[in-house]
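The letter at position 113 of the sequence shown is residue 122 when you use the working numbering, and the numbering goes up by one with no holes.
The hints are simulated quantities; they were obtained by calculation from the structure and are not laboratory data. Honestly, I wouldn't trust all of these hints.
[What the hints assert, rightly or not] Lysine to aspartate or glutamate pairs mimicking EDC-like chemistry, simulated, CA-CA at most 16 Å apart:
(1) LYS126 with GLU145
(2) LYS126 with ASP157
(3) LYS43 with ASP83
(4) LYS72 with ASP83
(5) LYS142 with GLU118
(6) LYS43 with ASP80
(7) LYS71 with ASP83
(8) LYS75 with GLU90
(9) LYS43 with ASP66
(10) LYS17 with GLU152
(11) LYS43 with GLU152
(12) LYS75 with ASP31
(13) LYS17 with GLU90
(14) LYS102 with GLU90
(15) LYS43 with GLU118
(16) LYS126 with GLU77
(17) LYS17 with ASP55
(18) LYS75 with GLU22
(19) LYS126 with GLU152
(20) LYS126 with GLU76
(21) LYS35 with GLU90
(22) LYS33 with GLU145
(23) LYS142 with ASP112
(24) LYS17 with GLU76
(25) LYS17 with ASP69
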Amino acid sequence: MSNIRITKQFSFETGHALYGYDGKCKNVHGHSYKLSVTVIGSPITDRSNVKFGMVIDFSDLKKIVKEEIVDQFDHATVFNETTPHIELANELKNRGHHVILVDYQPTSENMVVDFAKRIVARLPDRIQLFSLKLQETDSSFAEWYASDNL
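Go ahead and model the full structure; you've got the sequences and the hints to work with.
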């Protein structure tokens, strides 16, 4: 049976700041992120399976990505927990803001690696994550490919 790639796209709004950066992104700011998730697998051949002919039901992939990424990161502010931004993060949390602390600099490059780990952990065994594309502006994005990370 042929391997087929299936892609689903997601959008979410997230703020962040890059501690120690020498440009504008050292300031707290936000992006309208677009995430494209591509998985690969063979379509189900069992005619008695309600998912017959599908690699994965788009709604099943949507559930995974929404729970692991979109629902957590949408309208959140992300800071590196190992920087002085922790003080700002704590102040925002105390004021009821949704803050996510990560153990990495919250660049698109690092976020896409984090997202890949989260998605891989939830995919059925017969499905592999093929690639992710995290777009932070119309002209800037980071891509993760499984083949680059063997």
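Are the Cα positions of LYS75 and GLU22 separated by 16 Å at most?
13 Å, holds
* Asked: Has the given pair, LYS43 with ASP80, been kept, meaning a C-alpha gap of at most 16 Å?
  -> Given pair LYS43, ASP80 holds - Cα atoms ~14 Å apart, limit 16 Å.
*Are the Cα atoms of LYS33 and GLU145 separated by 16 Å or less?*
Holds. LYS33 to GLU145 sits at ~15 Å (cutoff 16 Å).
Next item on the list: Given the hint that LYS72 pairs with ASP83, test it: the Cα-Cα distance must not exceed 16 Å.
Entry: 15 Å, holds
Q) Is the Cα-Cα distance between LYS75 and ASP31 16 Å or less? A) 33 Å, violated
*16 Å limit on alpha-carbon distance, applied to hinted pair LYS142 and GLU118*: 10 Å, holds
16 Å limit on alpha-carbon distance, applied to hinted pair LYS126 and ASP157
Holds, at about 14 Å.
Pair hint outcome, LYS126 versus GLU145 [Cα-Cα no greater than 16 Å] = Answer violated: LYS126 to GLU145 is near 19 Å, above 16 Å.
16 Å limit on alpha-carbon distance, applied to hinted pair LYS126 and GLU76 | 13 Å, holds
* Does ASP66 lie within 16 Å of LYS43 when you go C-alpha to C-alpha? -> 20 Å, violated
- Holds or violated: LYS17 with ASP69, Cα cutoff 16 Å? Cα-Cα ~11 Å, so holds.
For a C-alpha distance cap of 16 Å, please report whether LYS43 and ASP83 respect it. Roughly 11 Å separates the two Cα atoms, so the pair holds.
The structure fails hints 1, 8, 9, 12, 13, 17 and 23 (numbered hints given earlier, in ascending order).
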